[in-house]
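Engineer: Spelled out, the chains give:
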Amino acid sequence: MSELARPIERRQTITAADQERLRRQLSATWYVPRGVIGWFSVADHKTIGRRYIVTAFCFFIFAGVLAGLMRLQLAVPNNHFIGPDLYDQIFTVHGTTMMFLFAVPVMEAMGIYLVPLMIGTRNIAFPRLNAFSYYVYLFGGVMLVVTMLMNTAPDVGWFSYVPLAGPDYAPGKRADFWAQLITFTEVAALAVSVELVATIFKSRAPGMSLNRMPLFVWSMLVTALMVIFAMPSIVTCSTFLLLDRLVGTHFYNPAEGGDALLWQHLFWFFGHPEVYIIFVPALGIVSSIVSAFTWRPIFGYAAMVMALVATGFIGFGLWVHHMFATGLPALGLAYFTAASIVIAIPSGIQIFCWIASLWRGRPRFHTPLLFVVGFVAIFVLGGLSGVTLASVPFDLQVHDSYYVVAHLHYVLLGGAVFPLIGGLYFWFPKITGRLMDDGLGKWNFWLLFIGFNVTFFPMHVLGLEGMPRRIYTYPDNMGWNTLNLVSSLGALLLVLGGALFVYNVVRSYAWGLAAADNPWGAETLEWSVSSPPPVYNFLHVPVVEGRCALWDRSADAPIVTGIRSDIREVLITDVMDAEPVHKTEYPEPSIWPFLCAVVTSAFFIGSIFTPWALPVAILPLAITLVGWFWPKKRDREREAEERHEEAERRSRPVPTMREARA
Amino acid sequence: MIRKSGCGLPRAQSRGLPRVQSRGIRDSLWLSVLACLAASCTGNQATFNPHGPIARSIANHGWWLLLMCTLVYVAVMIAFFNAVWRRRRDTDDLPETARRLTRNVSIAVALTVVILIGIAASSVVAGRGLYSPGGAGALTVDVVGHQWWWDFQYHDVTPSDVFTSPNELHIPVGVPVVIKAMSTDVIHSFWVPNLMGKRDLIPGIVTNTWIQADQPGVYRGQCAEFCGHQHAHMALNVVAEPMDRFQAWVQHQREPAREPSTDEERKGRDVFMQSPCVTCHAIRGTDAGSHVGPELTHVSSRLTLAAATLPNARGHLAGWIANSQSIKPGNRMPPNALDPADFQALLAYVRSLQ
Amino acid sequence: MNGEADARRTLDVAALPPMAFGNQGLIWWGTVGFMVIEGSMFVIGLVVYFYLRLQVRDWPPGLPNPGLRFGTWNLLVVLASCVPNLFAKKAAEKFDLAGVRVWLGVLVLMGVVSVGLRALEYTTLNCRWDDNAYGSIVWVLLSMHTIHVATDVVDSGVLLALACTGPITKSRFADFSENSLYWYFIVAWWIPIYVTIYFMPRWL
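Protein chains in written order, with our numbering: chain Z, 1 to 662; chain Y, 1 to 354; chain A, 1 to 204.
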């Protein structure tokens with residue numbers, strides 16, 4: 001193998017017939033398998049991404065229904081609609097589902113679907129791992145839903161503080177299901193994050209140097225790195241909880257040298273980056289929408305990238321602000337106050353840059369941009385209430401009250417869900433080939449925007465009026481009645497808005513107007529392919545000439561040739577400048593990731609009930625893993641090809657040096 | 001392990017104080033007046049209705065915070081809507097415009113930093129003195145959290161003067177009271193918004209805070225860390241009274257239980273000693289000595305029952321004893337099916353424990 | 001589109017190699033990603049160890065120190081295993097299949113010895129996981145590392161089997177090379193974990 005192998009710039013004649021032949025060959029090579037076995041064997045990022053999105057929204061609806069039940073119970077004082085046991089399960093599962101089964105997976109899903117398309121490659125790295133992660137996520141989520149239906153759902157809050165969640169005060173298996181759900185979702189998220197980092201760093205189209213990457217790709221990169229560094233903490237702490245509960249360890253038992261606060265440190269060291277893991281992709285979505293609907297690049301690209309990176313870093317230094325009431329030393333708390341305030345600065349930079357982008361562009365108010373407006377209006381308020389929470393004295397009054405419930409919903413719904421829905425309106429034509437109804441979209445936006453504010457703004461006041469969170473009812477004479485009723489009525493509007501969204505999706509999917517390749521005139525690479533994209537993404541991998549791939553593309557933009565179309569060959573490029581380095585072959589679809597996920601999930605669930613699950617699971621796990629990685633027919637073919645090539649290479653001349661770039 | 005601490009309470013001049021029923025009634029009247037005042041005052045349990053120095057400092061800081069946040073929000077929204085709705089000009093895409101935008105964004109970022117520094121400074125100022133009171137001679141009370149009630153323990157150098165006051169914390173007006181907080185089971189949080197910010201009660205750790213009221217009154221507090229199924233019904237009352245009334249209250253609480261004065265009350269005491277009640281509830285001056293549940297020595301002198309869930313009246317007491325599970329489902333007290341005559345006697349006895 | 005031929009500018013990558021070692025290859029990124037994740041968990045485990053140390057007066061609380069013998073032997077074995085690991089990596093990077101087979105075989109053997117020593121280590125820890133928080137964190141730290149060693153021995157064993165049965169493509173040599181990288185990672189982490197488990201009770 002020659003180390004001097006370089007890509008060669010030249011002019012080639014490509015006829016229409018050549019294109020057609022290429023199209024047929026790529027479609028055959030990158031096929032998505034059909035049939036029942038085929039459905040479980042798919043390793044295409046677009047299919048897996050769509051499944052993730054649909055599944056995440058099913059969980060969103062489930063958690064939304066739970067929230068509706070909570071608001072019904074809290075609409076009037078001393079209500080007997082739901083008793084404490086069920087209410088505690090409901091609020092725990094609502095939070096757990098929204099955080100672990102909806103928010104993080106759906107953002108990862110947007111990355112899984114869009115990143116390979118935006119960077120000009122044919123699939124995500126480690127595609128079978130991608131499929132595996134989806135099934136593990138699905139099974140974990142199904143497990144939690146089943147526990148809710150069987151009155152054995154976790155009931156100790158989505159952050160499951162000990163000793164309440166420990167073996168002494170949480171009898172039964174409820175808290176174990178929570179802890180194991182963490183394992184399911186973290187395994188899935190970590191796998192996807194490693195794939196995203198490898199994909200983004202190593203398989204960008206030539207010419208897409210790091211400073212030409214779309215802001216959405218940057219946001220997914222920062223998110224993936226945050227996941228990799230944050231999630232080990234919660235895997236560790238939830239495992240310690242399982243061990244305390246199942247085999248008698250004493251990590252959180254103060255009587256035997258353990259510590260209840262250890263849980264809080266470990267949990268929140270993950271928990272704070274977690275909210276940025278949810279939020280940072282939304283920032284990328286907002287940038288995509290703003291540039292597409294102003295027909296201008298985002299103002300201040302470098303500042304925006306640095307703001308994303310800074311948010312990722314600083315987000316790891318804030319976690320103790322969830323523990324201000326625990327009596328930790330004042331000097332330590334002062335540091336966390338400072339860090340919690342400082343993180344407002346990169347967010348502020350982003351808001352100002354978007355305002356500047358809108359200022360100089362020509363905004364067209366289709367539904368996606370409306371949701372961006374909603375995002376700004378809601379998230380800025382949430383971010384400001386967050387700054388107030390960073391102040392220890394003020395936090396000591398409003399911590400664990402409805403003020404925090406208001407804050408977290410403003411930043412999560414406003415900061416993540418509004419951009420997400422806007423992003424779905426934006427990318428729906430690309431994913432499905434049909435446009436969503438813009439008129440219905442505007443109704444959707446207003447219902448959600450008004451409903452959201454009517455539901456959650458009063459909660460700021462309720463918290464300041466002394467209403468703690470996580471209470472299943474409240475007395476009649478506290479002065480909380482009216483605002484709770486108003487909030488519950490607002491929740492009705494939210495439900496209507498959510499229903500309208502689902503209706504619009506289904507209706508548009510079935511009868512929507514057919515979408516062109518680039519209905520919005522946007523600038524990123526996914527808009528250069530058909531809607532929906534072909535299975536192989538790009539007929540020719542492009543060479544990117546500027547930061548806005550489509551707007552900066554010259555008439556004579558080069559394309560990449562020499563990538564084989566008869567096998568799943570992918571171009572691997574350099575981290576910094578995306579210079580082509582080598583080619584690699586991605587694996588064919590396979591049933592083994594699914595089988596491995598089944599065994600893994602059975603092991604996770606079994607180990608809640610008995611430690612024997614581990615020895616019993618080892619052999620099936622080993623079998624499925626070996627099946628996954630054992631060479632397939634294609635490998636034998638490849639071996640033969642390589643031998644043949646090696647023989648040929650002996651007689652081929654040394655390749656020419658690369659010509660100087662124009 | 002609960003550390004004992006001297007609380008500096010003034011000692012009674014003589015120990016042989018008569019157990020005067022009329023004094024109990026006077027106290028009850030006084031407490032009822034305070035309770036009415038508190039209940040009618042909107043803003044009970046509200047952050048922006050401070051009645052003590054800590055809460056006042058936080059409230060002032062809070063107003064400043066909310067004002068700054070409102071101004072910033074309005075400014076950002078104005079800039080945003082101006083950007084969205086402005087009339088477009090041909091000069092928008094020129095490099096000079098980009099430079100001007102850069103300058104404006106930089107100014108906005110600089111302003112943001114200045115405002116954030118101001119908020120941080122205000123926070124530091126408001127936080128001074130948050131952890132311990134300045135003056136010496138502060139009273140110390142231990143707060144012990146249970147699922148789902150509070151035990152306020154008043155210590156003294158003399159062991160026989162130690163007493164507990166479940167769910168009702170009395171403090172003298174104008175005097176800082178040091179709180180040492182601990183828990184016997186899960187994490188709770190002691191929070192009386194009119195008077196102070198919250199402090200968690202964490203098993204295995206003693207946390208410290210302090211509380212002070214500057215006006216007499218009854219201030220409601222509530223547990224602010226999810227602690228299980230009856231977290232919603234784990235509230236408390238802080239009764240702030242002038243020093244002389246407070247000392248009188250302390251004296252009274254130190255006394256063992258009032259002897260029954262009627263036959264029915266005596267019968268009620270027998271019922272108590274022979275029923276499951278005695279396995280959890282102590283009454284000082286009798287053989288009942290279990291501290292699993294709240295002590296009942298002076299239960300009928302308190303404003304509320306069941307951790308400020310029920311008013312302390314005969315009917316509510318009857319309902320609570322008969323079937324507390326229907327009021328606070330999941331709490332540790334079982335229902336009690338008693339013969340009606342015994343039940344009435346028991347009620348009479350408990351109501352006599354002023 | 002219009003049926004005519006057009007001469008397009010192209011970047012022809014046909015001559016590029018089908019794989020690359022190290023950080024130019026994808027497997028490296030997957031391996032390093034996994035190392036960062038597992039490394040973070042080890043860091044957290046060590047942090048928890050020292051956090052729990054601060055909660056009590058005596059360390060170990062009410063228990064004897066762990067026995068040094070098997071842990072130290074294990075340290076020597078895994079450090080020594082870096083030799084066949086190094087040669088296996090070099091052989092892989094030279095596409096020397098015979099060399100890979102030999103050195104990977106030696107590595108797997110030494111790995112099995114290490115796992116056996118690890119089993120003996122558990123018996124001389126002088127504590128149980130349910131004695132107290134100290135026992136819990138010692139068992140968990142040791143077990144976290146054990147799981148890594150055991151799975152990497154199996155992993156290397158499977159790769160060894162593949163090296164013997166084939167088919168062998170060029171990219172398989174990248175798998176061999178990155179497997180060595182991961183083995184280094186496991187050996188490297190044994191050092192701080194060994195020092196923590198066996199010497200912190202004696203020093204702190």
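For the record, the hints were derived by calculation from the structure and aren't laboratory data.
For every residue, glycine included, the Cβ atom is placed at its ideal position computed from N, Cα and C.
A hint or two may mislead.
Claimed, not checked - In the DMTMM-like style, the derived pairs of lysine to aspartate or glutamate whose C-alpha atoms are separated by at most 25 Å in a straight line are:
#	chain 1	residue 1	chain 2	residue 2
1	A	K170	Z	E648
2	Z	K173	A	D175
3	Y	K267	Y	D185
4	A	K170	Z	E588
5	A	K170	Z	E545
Unchecked claim - Per label pair, the in silico range of CB-to-CB distance:
#	chain 1	residue 1	chain 2	residue 2	range
6	Z	Q19	Y	V114	31 to 41 Å
7	A	A14	Z	Y503	29 to 39 Å
8	Z	A613	A	V195	51 to 61 Å
9	Z	W443	Y	T70	40 to 50 Å
10	Y	R332	Z	K173	15 to 25 Å
Engineer: Take the hints in turn and mark each one as holding or not.
Structural biologist: Structure-based check of each hint:
1. The suggested pairing of K170/A with E648/Z holds, with an alpha-carbon distance near 16 Å, which does not exceed 25 Å.
2. Between K173/Z and D175/A, the direct Cα distance comes to roughly 41 Å. Violation of the 25 Å bound is thereby established for this hinted pair.
3. Taking the CA atoms of K267/Y and D185/Y, the gap is near 35 Å; set against the 25 Å cutoff, the hint is violated.
4. A C-alpha spacing of about 18 Å is found between K170/A and E588/Z, which places the hinted pair at or below 25 Å, so the restraint holds.
5. Taking the CA atoms of K170/A and E545/Z, the gap is near 33 Å; set against the 25 Å cutoff, the hint is violated.
6. The hinted window of 31 to 41 Å between Q19/Z and V114/Y is violated, with their beta carbons roughly 59 Å apart.
7. Our hint of 29 to 39 Å for A14/A and Y503/Z is violated, since their Cβ atoms are close to 50 Å apart.
8. Against the hinted window of 51 to 61 Å, the Cβ-Cβ separation of A613/Z and V195/A comes to about 33 Å, which falls outside the hint.
9. Between W443/Z and T70/Y, the C-beta spacing of about 30 Å breaks the proposed range 40 to 50 Å.
10. Against the hinted window of 15 to 25 Å, the Cβ-Cβ separation of R332/Y and K173/Z comes to about 22 Å, which satisfies the hint.
The structure fails to meet hints 2, 3, 5, 6, 7, 8, 9 from the earlier list, while all remaining hints are met.
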